[in-house]
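Trainee: One line per chain: the protein sequences are A and B, in this order. Numbering-wise (the working numbering), the first sequence opens with residue 146 and increments by one. Numbering-wise (the working numbering), the second sequence opens with residue 0 and increments by one.
Incorrect hints may appear among the rest.
Pairs of lysine-lysine, PhoX-like flavour, derived with a Cα cap of 20 angstroms [stated by the list, open to error]:
(1) A:K453 to B:K371
(2) B:K407 to B:K397
(3) B:K371 to A:K429
(4) A:K375 to B:K385
(5) B:K277 to B:K505
(6) B:K350 to B:K397
(7) B:K397 to B:K385
(8) B:K407 to B:K350
(9) A:K453 to A:K429
(10) B:K385 to B:K371
(11) B:K160 to B:K148
(12) A:K429 to B:K385
Residues from chain A that keep clear of chain B, each with C-beta distances beyond 10 angstroms, as calculated [to be verified]:
(13) L213
(14) L223
(15) S324
(16) Y347
(17) N366
(18) V396
(19) K544
What the simulated footprint calls covered on chain A by chain B, stretch by stretch (three residues with Cβ under 8 angstroms from a Cβ of chain B suffice, anywhere in the stretch; the number is not a length) [as the list claims (entries may be wrong)]:
(20) 372–383
(21) 431–444
Hints were generated in silico from the structure; no laboratory data involved. What you are looking at is a predicted structure, and each value in this text was computed from that prediction instead of being measured. Idealized CB from N, CA, C, for every residue including glycine.
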Amino acid sequence: MTRTVPPSSEPEATSATEPKDVAPAVALRTGTSDVRTLITSNLRQSGIYVAFVVIVALFAVLTDGTSLSPGNVTNIVLQYSYILILAIGMVIVIIAGHIDLSVGSVVALTGAVSAVLVIREGMPWWVGALAAIGVGLVIGAWHGFWVAYVGIPAFIVTLAGMLLFRGLTLQVLGNVSLSPFPREYGKIASGFLNGLLGGNGYDAFTLLIGAVAVAGYAVSNWRTRTARIKYQQPVESFPLFVAKIVLVGAVVMAFAWQLAHARGLPIVLIILAVLILAYGVITKRTVFGRQVYAIGGNLAAATLSGVKVRAVNFWIFVNMGFLAAIAGIVFSARSNGAQPSAGNMFELDAIAAAFIGGAAVTGGVGTVVGAMVGGLIMAVMSNGMQLMGVDQSIQSVVKGLVLLLAVAFDVYNKRRAGSSR
Amino acid sequence: MDDHILQMRSITKTFPGVKALENVTLAVRRGEIHAICGENGAGKSTLMKVLSGVYPTGSYEGEIVFDGQPVTFNGIRDSEHVGIVIIHQELALVPYLSIAENIFLGNERRGRGRLIDWNRANAEAGELLRSVGLDENPVTPVGQLGVGKQQLVEIAKALSKDVRLLILDEPTAALNDTDSAHLLDLLRRLRDRGITCIMISHKLNEITAVADNVTVIRDGRTVETLSLHAGEVTQDRIIRGMVGRDLESYYPDRESHPGEEVLRVEDWTVWHPTQDRKVVDGASLTVRAGEVVGIAGLMGAGRTELAMSVFGRAYGRNISGRMFLHGKEIRPRNVADAIEAGIAYATEDRKHYGLNLIEDIRRNVSAAALGKLASNGFVNGNEEVKVAEGYRRDMNIKAPSVLSVVGKLSGGNQQKVVLSKWLYTDPEVLILDEPTRGIDVGAKYEIYTIINRLVAAGKAVLVISSELPELLGICDRIYTLSAGRITGQVPIAQATQEKLMQLMTKEKEVAA
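The shape of chain B in the complex, shown without the other chains (with noise of 0.2 angstroms):
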C-alpha cells in the first residue's frame, strides 16, 4: 500500500556556483515517522525550505505533491495552509511573551470587535500543552522554560495550526538526554494520532529508535531511503550511506614529524553560559609540536565551546580543568592572557566574530597584537602596513592593498586576514574552528598549504571540522568528540569516515 502524505520529486535547487540538490526525491507514507540524515551541509536544510515555501517554487525544479495534489508555495504560509510546519533547529519563540502569546502568535484567537479573545487563547493554550505533555501555566512566559520545554511549547504551536506533517530540524541538538527522551515519546504519541513527522537528525540511536523509515541525503542528492522496521538495518548501516564517496585527493602532502607535547587540556568541563547543562564534560586532549589534529563531532557536539574555552575562557561558567603548555600549568583568565600564553583561535564565525570588517586588512591584521607595533602605547603606523603587506603577499590575499576594507574580500580572503591576524601574534598553538568554511575549493587548498607551513615550522594546530574528509586529509591524529564527552582518539592510518562518525554519534542509547 503505497498511501503517500508527500512526494517531492527530482528537486533541484541550485545557488549562484553550487549546486545544493541535485534530483532528490523523498517519499513519505501517511501516519509515519521519516527521518533524513546525512552530514552538515549534506542538504537537508535545503529540502526542508523547498518544502516549507522557504524557497518559493519557481526558485527550483521539480515538483512536490502533498496529499495526492501537486502543490505551489510562495511562502511559510501557504505550507501552514495545507498542515506543514517547520520547527527550526533556532527556535522561533518570542522570550517575553507567554506561552499562549507564542502559540498563537500571528495566528490569533479573536473574540468580538477583532480584539483577541485571550480567554479562550488561554483555555485553548492549555489544552494544546496537556496534549504535548507540558505541565505549565499558558501565561507563563516562554523565556522562564527550558530549551526541552520550549521545544514542547514549538510543538503546541504547530499542533495549533491544524498541522499534518511536522518537521522537526534536529530536534534534540539542544536538549539533555531526559528531554530528548520526553520528545522522541511525544513524537511517538503525535503518530499514533495520525500526524506525519519528517524528523531531521545526526543522532542515529534516536534515529533507529523512533523513524519507520530513513532517507539519506549525502551531497545534494538522495542515497537511499531505509525501511526500519525489518531491525536489519544498524546505525553503521546509515553511516555507511551518509559518507560513502570517494576522497578527493586535493590535500596537499605533508610529511608528519611531531615534536614534544605543546598543549595539554586535562578533565576540561564547561557549563552552558544561561542553561543549566554541560557543554563539555571532562575532556583531555594534547597537541605536539609540528602535528595536526583533528576535533570530529557533529553539530552541538561541543566543538567550538571546548576551543573558546580553552581560549581565555571565551565561552561558558564554571570551567574546571587544568591546562599545560610544554608541561607548564597556565590559567589564562582572559582573552589576552591565552593569547600572551602562546594560543590563538581562529573562529568559526569570521563575520561576526573574526573580523571587523569596517576595517581595513592592515587593521584587521594587527589587532591582536598591537602591542608589538606600539612603544609607549603608540602605534607605529607604518611598521603596521609592512607587516600588514607582509602578510598579504606571504598569504596571497588577493586584494588591491592592505588599506581595503575586509568587508568587501572574498571568504577565502577574509580567513587569509584572519590566519594572518593570529599568526602575527606569534602563537605556539593555533585552534582553526571550521577553516575553510564557506570558501571555495582553491582557496581551501591555500589554506591546507598555510596549515602545513605552519606544523613545518614547530607549531601545533588543533583545527575543528565538520567535514570528515578535510580531517582525514590534513590530520595526524582526531579526537572525536560527542555531547561534549571524548569518545575516542583516532591516528590518521586507522582513521576512516566510518569509524569516525561511529564516535561521533555515541551516545548512551536511548529508551525504546
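So here's chain A without its partners, still in its complex pose (with noise of 0.2 angstroms):
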C-alpha cells in the first residue's frame, strides 16, 4: 500500500542521518562530553559571553583601563541596574512570545507616585516604594487583561500604554519634576554596605559576601553534578567542571575585589543578585517558566497540552509591571527625584538587552541569564564610549549596529544548526 505523501512531509529525510547520531549519543551517555561538544552545542549561549568579553577587553584599552577601575565598575552597577531589572521582566514577556512598548512609561509613573507621597507628602520611604510597587502591579493587571482576555497583540496594548502612563505622569506630576528624596531613600539606589568589617583600604565585607557567593555558586554546582551522575545523565568531564568554578570564582572575585576598592558593595547591586536568582529558578525550574516557554514555542500545543494560556499570559505581564516598578523605585531613588521624562527609551534598552541575550524574536528561547549579559554588553560599551568622550550620535549608532549583528548573529547560528543537526 503506497501512500502520497506531500513532500514537506519529509519522512525519509532525518531517519537517514540516525545511525550517525546514535554513536556519539553513548559516548555521551557513558559520562563526558569534550569541550568541543560543550561549546558548540551552547554557541547559542557561549558566543554571548565571548562576545561580552571581547567588548570589556576592548574598552579596557581604549580606556587605558580606565573602565575597569574600581570607581567605574560600581558606577557601571548603579547606572545599569535598572535597565537590568527591566531586562528581567522583558525577556520573560518575550520568551511567551510578546513585547512590552511601556515599561519606560510605568518606570517614570511608579517613580512619580512614589516621589509624589515621599517628597510631597513627606510620607516615610517605604510607604513611597510599596505604594509603587502597587502601582505597577494595577498596570501590570491592566496590560495582562487586554493581552490575555480580551486577545488584543501586546504591541498594541503596551504601546497604548507607553501613551497612557506617560500621560498619567505628567499628570501625577502636574508637569514638573519633584526632588529632593529624603537620605533613606536614595540609598536604595546610591547605597553601600560597607565598614561592617572595618576598612583597611579596601572593603572586607565587600569581598566575603563575594567568597560567600563563589562558594554558593560552587556547592549549587556540586550539587546539581551529583544529582545528575545520580540519575545517569551526561555530565562535563571533572576538570572541566573545576575550571568553569574557578573561572567563574575568579570573575566574581575580581570583580569584587573592584568594589571593595571603591565604595564597597552597592545595595542595588544585592537587590539586583537577588532578582537574577529569583528570576532563574523561576523561569528554569518552575511549572510557570516551563509554561511560557511553551506558550512561545508552540502556542497551539501548549493550549491542548491543557497550560491555561490566558492565566498565564496574565500573569507575566503582572510581573512584568511589578519589575518596571522596582525598576521605577531605584531608578527615581537614583536620579533623586521623578522627573515627566523619566525612563524615557528604556523599554528599548530592555528589548535590546534581550535579544542581544539570545532571546528569539519568535518567542520559546531566551534565558533571564543571557539578557542580563546582554545588558551588560549594552552598559559596557555605553559607559565606555562615554568615558572614551565618543558623541551622543555616535553611541547611538553603534548600540543600534550593535543590536543588529546581534540578532543576525542568531539568526546565522540557528539556520546553522538547522543543517548540520
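Dock the two chains into a complex; use the hints.
Mentor: Quick look at the structure:
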C-alpha cells in the first residue's frame, strides 16, 4: 500500500542520519563530553559570553584601563541596574512571544507616585516604595487583562500603555519635577554596605560576600552535578567542571575586589542579584516558567497540552509591572527625584538586552542570564564610549549596529544548526 | 466521437521515496463534467497540481495534451494562460478585499496611465456575479460572505480569466446542503455554456447527480473511467473501484477482550466556531476498556472536530451533549479539566498542534503532565529526564538523547514523542487522530504495537483515520461519520471497506 506523501512531510530525510547520530549518544551517556561539544552545543549562549569578554577587553584597552577601575565598575552597576531589572521581566515577556513597549512610562509613573507620597506628602520612604509596587502591579494587571483575556496583541496594548502612563505621569507630577528624596530613599540606588568588617583601604565585607557567592555557586553546581550523576545523565568532565567554577569564581572575586576598593557593596547590586537568582529559578525550574516557554514555542500545542494560556499570559504582564515598579523605585532613587520624562526609551534598552542575550523574536527561546549579559554588553559599551568622550549620536549608531549584528548572529546560528544537525 | 479537450498520458510523479502517481491516464471530453474520485491520498490532488503547473514540466514524466496541442507548464500562470483554472479546497480569497478586487487580483482591469479602472472592474465583476447567480454588490468585502458564496466568487474569478477547463477540488466539502445544491446547479449551467469541469469529490451522491464521466484513482494509478450516462453505474460500483485492493497484513495480531464501558458521549453537537453550521450533529458513541474503536469519515465529516470538542472543548462553540467516564457524568470545561479527567487527544497535525518543535524530547514528553514532576510548583528536572529517558527506550524513539530537539526527528519518531506525552498523563481514554499520517511503514507497525500494548493494559482507545485498511486492521468496532452525523456502527467481523465507504458517504440525496 503506497501512500502519496506530500513533499513537505519529509518522512525519510532525518531517519537517514540516525545511525550516525546514535554513536555519539553512547559516548555521551558514559559520562563526559569534550570541550568542543560543550561549546558548540551552547554556541547560542557562549557566543554572547565571548562577545561580552571581547567588548570588556576592547574598552579596557581603548580607555587605558579606566573602564575596569574600581570607581567605574561601581558606576556601571549603579547606572544600569534598572535596565537590567527591566530586562529580567522583558525576557520573560519575549519568551512567551509578546513585547512590552510601556516599561519606560511605567518606570516614570511608579517613580512619580513614590515621589509625590514621599517628597510632597512627607511619608516614610517605604510607603512610597510600596505604593510604587502597588501601581506597577495594577498596570501589569491592566496590560495582562487586555492581552490575555481580550486577545489584543501586546504590541498594541503596551503601545497604548506607553502613551497612557506617560500622560498619567505628567498628571501626577503636575508637569514639574519633584526632588529631592530623603537620604534613606536615595540609599536604595546609591547606598553601600561597607565598613561592617572595618576598612583597610578596602572593604572586607564586600570581599566576604563575593566569597560567599562563589562558594554558593560552587556548592549548587556540585549538587546539580551529583544529582545528574545519580540519574545517570551526561556531565562535563571533572577538570572542565573545576575549570568552570574557578573561572567564574575568579571573575566574581575580581569584580568584588574592584568594588571593595571603591565604595563597597552597592545595595542595588544585592537587589539585582536576588532578582536574577529568583527569576533564574522561576524560568528554569518552576511549572510557571516552563509554561512560558511552552506558550512561546508553540501556542497551539501548549493550549492542547492543558496549559492555561490566558492565566499564564496575565501573570507574565503582572510580573513585568512588578519589575517595572522596582526599576522605577531604583531609578527615582538614583536620580533623586521624579521627572516627567523619566525612563524615556528604557523599554528599547530592555528589549535590546533580551535580544542580544539570545531571546528569539518568534518566542520560546531566551534566558534571564542571557538577557543580563546582553544588558551588560550595552552597559559596558555605553559607559566605555562615554569615558572616551564619544558623541551621543555616534553612541546611538554603535548601539543600533550591535543590536542588529547580535540578532543576525543568532539567525545565522539557527540556520547553521538547522542544516548541520 | 472523441473530442477530448484534455488528455493526460502516462503521468508518473515521484517524491523522494514515494511514487505518488504511476502511469496515470486521464481523458476529458469537451464540455463535460468529469469527476475524479479516490480515497484520501490516492493521488487526486497531485494529479491536479501536475495539470495546473504547480509541479512544472520536467518534474514528472508523461504528456499533457490540451485542445489537441501538447503543452508544457512551468507555473500556474502558464496553465491559466491556456484557460485551465483550478479552485482549491482551501479558498484563495483575501477576506479584506472586495469581491471585485478579489476577482481581478493579479489580473487587474487597467485604464489609462496604468492605473486601475475601478468603475470598469466593478461593472465587469457585477456581470460575472450575475452569471454565477450571486446577488451581491461587487464592493462587499469577501470576508462578509459565507463559504458557499465565497466559492461562487472563486468561480466568477475563474470565469474572468476566460476559463475553458475549470477544476474544482472538493468544492462542496465545506458547504451545507442548500449551497451544495446551488453549486452543482451552477456547474450544470457552465457545462451548457461550453465550459468543461473537472470535479474532485468524495461525495458520490453528488458525482452521480452531476457528472458525465468519473475516473477512479487508487494508490496513484488510474483504475477505470466509468460513464454515468447509461445510469448503470451506482455509488457502490464506484466504491468498489476506490477500495478494491488487498489488505496487507502488517497489522500486529491482538486478542480482543473488551471490558466495561469507559467513555460514553451522548447526543454531541458542535457548531463551527465562526460559520453558522453544525460540524458535529447529535453524535453518540461509547468506548470500552481494552477496546480500539475507530472513527471513519471522509475529509470534512467532522472527525477531528468531534474529538477536539470532547477534549475539553478545544474546538467549536455551542457544544451540547453529555459525556460519561466510567458511568459518571463529566463536564470538562477546558483542556486541563479533560486531562485531569483522564482523556488524552493526540492531534492529527503534530507539527502545529502537537509538539513544541524548538524544544527537546524531554520537555515535550513532560508538557501535558508537568504537575506530576513538580512539588510546590518546582519541576524536578532530573526526574523529568528519567521519565523521558524511560519513554525513549519504551517507545523506541530513535534520537541521540532525550535532549535532542524534536523538530529534527523523523515523522515516526515525532509521533512517538506525542504518544509518550499523552501516556505520561496516564489517561483512561486515548483519542488518536490520524496516528500514522505521514510516517513510514516500519514506524506505523510500531505505533500499532504501542496501541495494542495500551489496550492490553486496559486503556480505551479511539482511533480516527482516513485509511480504511488501517481501521480494519486495528479496531474492534468502527463508527462511520458523515457530515457530522454518526451514520453507522460496524463490529469488525462485519466490516468491509465497501460497507464503511457506503456509510461514510451516506447523506441526504441531492436533487438531480
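Trainee: Each hint: holds or not?
Mentor: Hints, verified against the model:
1. A:K453 to B:K371: The given pair, whose Cα atoms are some 16 angstroms apart, holds under the 20 angstroms limit.
2. B:K407 to B:K397: Between K407 (chain B) and K397 (chain B) the Cα gap is close to 11 angstroms, so the pair holds against 20 angstroms.
3. B:K371 to A:K429: holds, 17 angstroms
4. A:K375 to B:K385: holds, 11 angstroms
5. B:K277 to B:K505: Answer holds: K277 (chain B) to K505 (chain B) is near 17 angstroms, not above 20 angstroms.
6. B:K350 to B:K397: holds, 18 angstroms
7. B:K397 to B:K385: With a Cα-Cα distance of about 16 angstroms, the restraint between K397 (chain B) and K385 (chain B) holds, given a limit of 20 angstroms.
8. B:K407 to B:K350: Distance of about 11 angstroms is within 20 angstroms: holds.
9. A:K453 to A:K429: Between K453 (chain A) and K429 (chain A) the Cα gap is close to 18 angstroms, so the pair holds against 20 angstroms.
10. B:K385 to B:K371: Holds: K385 (chain B) and K371 (chain B) sit about 13 angstroms apart, inside 20 angstroms.
11. B:K160 to B:K148: Given pair K160 (chain B), K148 (chain B) holds - Cα atoms ~19 angstroms apart, limit 20 angstroms.
12. A:K429 to B:K385: holds, 17 angstroms
13. L213: Check passes; 36 angstroms lies beyond 10 angstroms.
14. L223: Holds, because the least Cβ-Cβ distance between L223 (chain A) and chain B comes to about 33 angstroms, which exceeds 10 angstroms.
15. S324: With a cut-off of 10 angstroms, S324 (chain A) remains clear of chain B, as the shortest Cβ separation is near 42 angstroms.
16. Y347: The claim holds: Y347 (chain A) sits with its nearest Cβ about 39 angstroms from chain B, beyond 10 angstroms.
17. N366: holds, 14 angstroms
18. V396: holds, 26 angstroms
19. K544: holds, 28 angstroms
20. 372–383: holds (count 6)
21. 431–444: The restraint on the region 431–444 of chain A holds, since 9 of its residues have a Cβ under 8 angstroms from chain B and three suffice.
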